[in-house]
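Chains as they are written, first to last, in the working numbering: chain A, 1 to 173; chain B, 174 to 551; chain C, 552 to 1181; chain D, 1182 to 1287; chain E, 1288 to 1637; chain F, 1638 to 1781; chain G, 1782 to 1928.
Worth flagging that the hints you see were computed from the coordinates, not collected in a lab.
Just so we're clear, the structure is a prediction, and the values are computed from it rather than from any experiment.
Hints should not be assumed to be uniformly reliable.
[What the hints assert, rightly or not] For lysine-lysine, the following DSS-like pairs were computed, each having C-alpha atoms within a straight-line distance of at most 25 Å:
1) F:Lys1658 x B:Lys386
2) G:Lys1804 x B:Lys478
3) D:Lys1211 x A:Lys95
4) B:Lys475 x B:Lys506
5) F:Lys1658 x B:Lys362
6) F:Lys1658 x B:Lys358
7) E:Lys1612 x C:Lys574
8) B:Lys270 x G:Lys1786
9) F:Lys1658 x E:Lys1360
10) G:Lys1919 x B:Lys235
11) A:Lys163 x E:Lys1612
12) E:Lys1612 x B:Lys386
13) G:Lys1786 x G:Lys1804
[To be verified] Label pairs and their calculated CB-CB ranges:
14) C:His995 x E:Phe1632: 50 to 60 Å
15) C:Phe759 x E:Ser1483: 15 to 25 Å
16) G:Gly1911 x E:Pro1359: 54 to 64 Å
17) E:Trp1571 x A:Gln6: 43 to 53 Å
18) B:Asn412 x F:Arg1751: 45 to 55 Å
19) E:Phe1632 x C:Trp578: 29 to 39 Å
[Stated by the list, open to error] Okay, the calculated bits of chain E under chain B, using three or more residues with CB under 8 Å as the criterion:
20) 1346 to 1352
21) 1508 to 1518
22) 1580 to 1587
Cβ coordinates follow ideal geometry from the N, Cα and C atoms, glycine included.
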Amino acid sequence: MTSIYQVGAFWLISLAIIFAAIMVVASRQLVHMVLWLAVCFIAVASMYFLLDADYLALVQIMVYAGAVSIMMIFGVMLTQRPDLKECLLFNNQLKLATLVVIVVLALTGGLTYGARWFVSGATVPADTIAHIGTLLLSKYVIPFEVAAVLLLVALIGAIVLAKEVKPGARSRD
Amino acid sequence: MITGTDLRDRLEHDIKTDRYVLNMGPQHPATHGVFRVVLTLDGEVIVNAEAVCGYLHRGIEKLAEARTYTQVIPYTDRMDYLAAMLNNLGYVQTLEKMMGVEVPERAEYIRVICAELTRIASHLISVGTYSIEIGGITGFFYCLRDREKILDLIEMISGSRMTVSYMRVGGVSEDLPAEFLPQVKKLMKELPAAFDEYDGLITGNEIFQARTKFVGVLNPETAINYSASGPMLRASGVNWDLRKARPYSVYDRFDFEVPLGRNGDCFDRFRMRILEMRQSVRIIEQALEGLPEGPFMGKAPKVIKPPVGEMYHEIEGARGILGYYLVSDGSPKPYRMHVRRPSFINLGLLSELCRGWKLADVVAILGSVDIVLGEVDC
Amino acid sequence: MYHAWLVPLLPALSFAVISLLTKQWKWLSATISIGAMVSGFIIAAFIAVGVLQHPGLINHPLVYSLRWLSMPGFKVDAGILLDPLSAMMLFMVTLVASLIQIYSLGYMRGEKGFSVFFAYMSLFGASMLLLVAASNLLELFVAWEGVGVCSYMLIGFYNHKISAREAAKKAFVTTRIGDTGLLLGLLSLQLIFGTLNIADLAQKIPQFQNIPLLITVAVLFFLGPVGKSGQFPLHVWLPDAMEGPTPVSALIHAATMVVAGVYLVGRMLFMFASVPPVMELVAWVGGFTAIFAASIAITQREIKRILAYSTISQIGYMMLGLGVGSLSAGFFHLWTHAFFKALMFLGAGSVLIGLHHKADVWEMGGLIKKMPITAVTFVVGGLAISGIPPFAGFWSKGDILDATLASGHTVLFVIGSFTAFLTAFYIWRMIFLCFFGKENPENHPQESPLVMTIPLMILALFSTVAGLIGTPWWDVWGRYIHFGTYVPPVANWPLMIGDTLLGALGIYAAYLFYCKDREKTKALAARQWFGGRLYDVLYHKYYLDELYMWFNHSMVDGVARLMYLFDIYVVDGIVNGVGAFTVAAGEGLRVFQTGRLQNYALVFFLGVLAVGVLLAFTGPHATLFLGGVR
Amino acid sequence: MPALAISPTNFVLLASVLFAIGLFGALTRKNAIAVLMCIELMLNAVNINLIAFSRFVTPQLFTGQIFAIFVITVAAAEVGVGLAIIINIYRHRLSVNLDDFDWLKW
Amino acid sequence: MGDRIFIEFGNYLSGLLALAGAPLLLNQVILMIVKIVGALLFILLNLMFIIWLERRLAGWFQARVGPNRVGPKGLLQALADVGKLISKEIIIPGAVDKVIFLLAPVLIFVPSLVLFAVVPFGRGMIPVDLNLGIFFFFAIGSLSIVVFFMGGWASANKYSLIGSMRAVAQMVSYEIPMVLSVLGVVMITGSLKMSSVIASQTQVWNIFTQPVAFLIYFAASVAEVNRTPFDVVEGESEIVAGPMTEYGGMAFAMWYMAEYTNVILVSAFAVTLFLGGWLAPFGWTFLPSWVWFVLKLYLLIFLHMWVRWTYPRIRVDQLMSFGWKVLVPLSLANVFVTGFGMYVFRGIGW
Amino acid sequence: MFGKGLATGLEITLKELFTPKVTIQYPEERAPLPARFHGRFTLDKEACIACGLCQNACPNRVINCVRTKVDKKNVLTGYHMDIQYCLFCGLCVEACPKGALRFSQDFEMACYHRENVPLVLLAEGDRPACDVSAAGGKEVKAGD
Amino acid sequence: MLDEKVAGRLPVLGESMPSLEVKENAVTVGRDELPALLRALKEDPELAFNYLTNLTATDLGDRITVVYHLVSFIYGYQLTVGCDIPRDDPRIPSVMEIYRGADWQERETYDLLGVIFEGRDLARILLHDGFEGYPLRKDFTWAGGRD
């Protein structure tokens, strides 16, 4: 990736991602958080475009920006109380958490600094979806099925959890 | 079949969220005027609905005490402004009953024709606005188109389209104009086809039915206990139409049926009106057939001074039982006038009907009650 | 031939269509179901004709398959395997199932869940057909379990009855014991041979040298058929399975479920044959079951229960035949048995309908006058099962006994012969009690409608002639279905005459006891003349159910009690000691348990980071960190 | 301009910064839903890495992309169940403050 | 002859630029801008026309005349409307979240405009022929949900909030049957590329092979653009105007136009997916391909309007159960039937 | 059942699409008004006998007629109607014994300024001043 | 004009109600016995006055008369029940328990005439909550605007 456009795009998108992420963490309003989160997701999706993962980028937009944000919105709307605005934003482990974060950054930064990558010169094939589809249904079929089952279980689990149990409900014999 | 009670049970157990209060009105597209419903909502489910009226209160009962009996007639127009003829009729009949005035045959027939025309016009508005409230705008225009024809006729008789002030004690203010009869006959031929069109566009529509069937169910016991009247009462299956039950004027001479509903839901209340319009057409056709010649005004004194006493008289208005209660102290002005306004009393049921239904159903239920704010607030 | 896959698919589709779409419309559902089965039968008939064109198929079956699962080291094909065995089974299953379904039209009329019943029947048929046609053991296992599930649903069809629910559960759980063995056997085969394709296994197993291992596998394998085919000691579910509607019983007993075990043994005979001790086991289990069940059947009172034990006994015969190494004989009996047993079950159903579900044979009598078709067809079935020539049973049973004797199992031969006598006795006991003798005035029987009797007549026809294709003089059967090389049969006259005599003797004995002097027998029974305790033992099925219950209650409970004592005194002692220590330690450590999620997460991450930092400086990739220089 | 060229290093650093931000939020935000969102950020950081390595190291194999798909799947499931749990807790406790969730049983 | 008029124009422009010595990149950028401007012009012109058409058709359906005063036959009515709305104040109530409130009506256009990039307007006239065109449509399309929520939530009005929550729930639910219905087309085509979808319809249009899918797509798309009978989001008789309640002036006009943009968009996709895109029916190629596209587009838009002015509004819970209990199973069944049918037909050798 | 009603609805609207429209293009076209139309009032000044019956009949006290006594005979010198309060009930027209007060067909009574709203059928001074002042009469307000 | 049947039946029902007076075309009763009378009228199988069609009151200067108009849907009878209450103590028991339809009518009567119906919540219905006075009383004067 040496084209000036790609380099420029990378830095632009990186800035957008990090700015949006910081706004997510720092926003006081939960709805603002969700909206920044959506911005962040979309920026990440454009990063995927930059990385020639067009299918993944669209999946990112559809699943994260389209579905996860919406679920978050529902969560926020279902649990919002008027007194939320007054309470403190952060808990009392701010300092320790800062330390952890700094160490994480230092560690990864240090490791990356010393790393040498084996960069392949090959390009990503044009029809990514055909390759991914084929792989998903052949080599990765079992994880694929497991993921499907996971989603189903999550779906049912979420319904069961979120649905209030009737206090006087008759249990089936 | 889901009833409100089921929904009420259900709402106790579904996802519990914070309840919140929603003011529907006084400025709202579906409240038919300045009228407010304070809704307590759980999600979109109504926990409580409190009707707040009085935004249009003009004190007509008080005004009447300062007017002569004749001068009150124009004010009655302005209560249920969609069915002014019926309001006039109720008022003058009460006075006639009080004073024992004889009304000539022709006048009675003219009154019946006017009253039924007004009933159709009023029901057309009800049907049309109901269509709008359920979301289908087109039906409203068809209803208005046909109502215009009726209003043209009424204008021809009385000079006004809505606030007619046409009836007088002892008869009507003017005889029917010559060009009226052929036109009304033509219209009576056309109307059934128009009703069929509404049935096709509105009544028969599955979405409409899904929105209204088994929604806001009113059982006959509740309806009677809450003093509901008119199409609302009959939709619940209670056969009480004053034109049949206690015929006034010359209604006993006509052959017509009282349509009755089965479920007492919004759909029935809506359908009641279309069916009643069809019956009204029948009545008008018979009245035109039998319209006698003769004077249009009976022997009534110039200055109306009813004897001391009180009188309560009811007629079947477009929205239900329209009653006038007059107290006379022998002077030319009424000592006390009270009007039993069907919209007002029917509206008292709103809170009961709405509870447990969805926000969108409030509109459906309110529309099916069919109120006129001028009448509610009087 | 190439479209054999349609045979299982059609009923499966019919199941899907009925349960998803046409549940509301009863007769449409039934028509779809029957249509699917009948068209399956037509295809199966063509297949059978096709198979007959190729005599060598039994040793080199045709396999049409697709890749089903493909994983490294594990490839499974799904497909169909066609040889005379499976072709015969397809033909037989579709025929019997079609007839039973048609019969059900009458039998199930007015029942609740009419459509559902047909849907289940379809699925049952589909599973069985897939089982029969499977080219792969995994596929076969899937169908095997499908059969199990369907039988569960059908036995429990009257799920408002507690007994039906219990019976369904019992059937499911009992066969499950066997299936566990089968599954283990299957997995071992996959582990050992790396394939589950039957054709491949047939090549590989006979060459396999590790006999003890193979014995284990084969025994495990055999557990499945024991459970499914109701062999001793896992036969207990079968009689209870009579709780289902009669057509279901007929289907289970004649065509599908129970013969699945036999079919599996037959299909895998190349494996069993390579381990003679297991063959012995098969033969003995079969033989023992045969006489064991027959002896119980003598005393039973309910018409369907008698038939149930008869089935167990007959399946035992088939196992015996297979166990002594004669694929041909075992399957010939399966073939004939399917017809006459289906016939008898349907006949019993007809009787039940006529008598409004009064099942006790002692309360019947003289039905032949009121239900002539049912009675006549039933008698044909009785003659067939008793081994009276020229009815079907004679030939097949004769073959088995012949094979047993030929292979030198004299004891088993004696057992088999005696069983033949018992069979004739108890079947004719039933027939005499039901159809002959005095009429019971309380009964008002009526002949069943045509839709029920026509299947009976067709089955009666088959019961009569089905055996004729395997006579020593015209042995079509053996030429196509045999194990190893084909040996043309020789007519063993003494045996044939002996068989016939035994059967006739049984019938005569039954006549003596139950037709001629029925009242006397009743009196005798009342005085417990008939062996007294022996009668009780037999009537209570050797108290096996009670034994199992007792085992459950006393043994398991007893062990549990021991465990409990151990638990209370030994384990608790230790635990309490530890607990006291833990409490003390916990008192000290509880400060760290804040209950706050993020607190834990923080600590958790600190730990991860500690490890990370440690690795970064000292681990194998320590040079990576900041280039390893600083 | 090879010095400016984008290499996996840039992506790893970007991802670690994103991860750190998410981690910070997850450790410190009081609101449970906010924590859930921060966890999503962390998962996204991981995905960036996966795809970047897939692009740079094995562009023809798609292993990284497929792995990312599974991560996304798991994330979606996690959000669904997580929100359901939070809503359920909220219903009982009328709070989504994680500091209030310090009891061990209802 | 007219078929290639736009392409020729592009080539001509490109040639002109090359002649003027513009570098290739600049050339491409300029061409891209021209394409964008072209698409925008297309949208705007059609918007104007559709707004007029909707009001006019509504009038005709309702035995009225409709707008006929501004311009010939009232054609410039939309201009007059916009002029009026521009001159009106955008009222910002006190409690609103200002930034988001003002951002939402602008952002609502973004997904729709982005999506026009993959609409095949005519033979060779697709701005960007993505490999994942159809998937792109759904992925980007799902973004507008968030914008609806933004507008409704920021208004700090209960009607708006109810409306926006309804919008979110409805659009999420109806996206699923929409995607599933298109799956049938994708299966037949074997590609997600718009051009291949059209190319695969040269023999027979997908509406004939996938009639159920078309109906599902149509129903779901009506719901996606929040029009009657699925306009519970606006539901003027219940929740006044839903998310748009607090908007006035040009801000409202943006919402209003976005709705019509979306109508054009979903109809354009329906044309592409089911009606053979720009392909001429019966080989009537005497009209240019883009004319056919526009004709079919307007056929579908007319259908949208016809339905809108005929049906009442469905209730919100009925809407959800219709989506989940009717459309989703139906579309799933359609996928299965399609798969089975393809298997059978391939087996026959089609 | 399902779908039939929907199809019928579509059929009806499609039919209406092609039927003639009922709209009247107002300023250019006008609907015919009936003879009895209650429009703007007209007063036949000559016929009016200034009896004041109309004023008494009015329920809303809209009419103010200014009378002047000339030779023991009332002469109308002014006739004002606070038309914004008028109910257009027609009681005044009915009360007029001479048929002087009439309705006209003019219904376009909207105006831009509030002061133009009251209807002046006879302004003071319209009548020849001599008629009134010469008689030396004094203005009498009705209702006094 | 009372129906004969009603007129005949009324004294039977009113045996225990000394304040009951059967007049030419109406019935009057004391306020303490009003609910009992209405309940008896509603529940009596021979009369079955199940429908309260109208409820209003008149300020008669010295007293306020509250009037109930009842209808029997089953037999078609009508009945007017009047109840005089003193003007300075305008209390009367609410009949909402017997006829729910009285709910809004009682509120209206309270609103306009100041009759206090006991045993229920009363709130103004047509006038706004801060309104002073009861406009339908004869001594009410309206200040401001055209009347």
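Proposed proximity, E:Lys1612 with A:Lys163 (alpha carbon, max 25 Å): 19 Å, holds
With 29 to 39 Å as the target window, see if E:Phe1632 and C:Trp578 comply at their CB atoms. Since E:Phe1632 and C:Trp578 have Cβ atoms about 32 Å apart, the given range 29 to 39 Å holds.
Per the hint of 50 to 60 Å, is the separation of the Cβ atoms of C:His995 and E:Phe1632 within bounds? 59 Å, holds
Taking the CB of E:Trp1571 and the CB of A:Gln6, does the distance hold inside 43 to 53 Å? 47 Å, holds
Hint consistency between F:Lys1658 and B:Lys358 [alpha-carbon to alpha-carbon, up to 25 Å]: Measuring from Cα to Cα gives roughly 22 Å; hence the hint holds.
Straight-line alpha-carbon gap F:Lys1658 to B:Lys362, limit 25 Å: Within the cut-off at roughly 20 Å; holds.
Restraint status (C-alpha distance of E:Lys1612 to C:Lys574 at most 25 Å): 18 Å, holds
Confirm or reject the claim that C:Phe759 and E:Ser1483 have a C-beta distance inside 15 to 25 Å. 54 Å, violated
Restraint status (C-alpha distance of G:Lys1786 to G:Lys1804 at most 25 Å): Distance of about 14 Å is within 25 Å: holds.
For the pair we were handed, G:Lys1919 and B:Lys235, check the Cα-Cα distance against 25 Å. With a Cα-Cα distance of about 10 Å, the restraint between G:Lys1919 and B:Lys235 holds, given a limit of 25 Å.
Tell me if the straight-line CA distance from D:Lys1211 to A:Lys95 falls inside 25 Å. 15 Å, holds
Under 8 Å between beta-carbons, do enough residues of the segment 1508 to 1518 of chain E, three at least, approach chain B for the coverage claim to hold? holds (count 3)
Of the numbered hints given earlier, the model fails hints 1, 15 and 22; all others are met.
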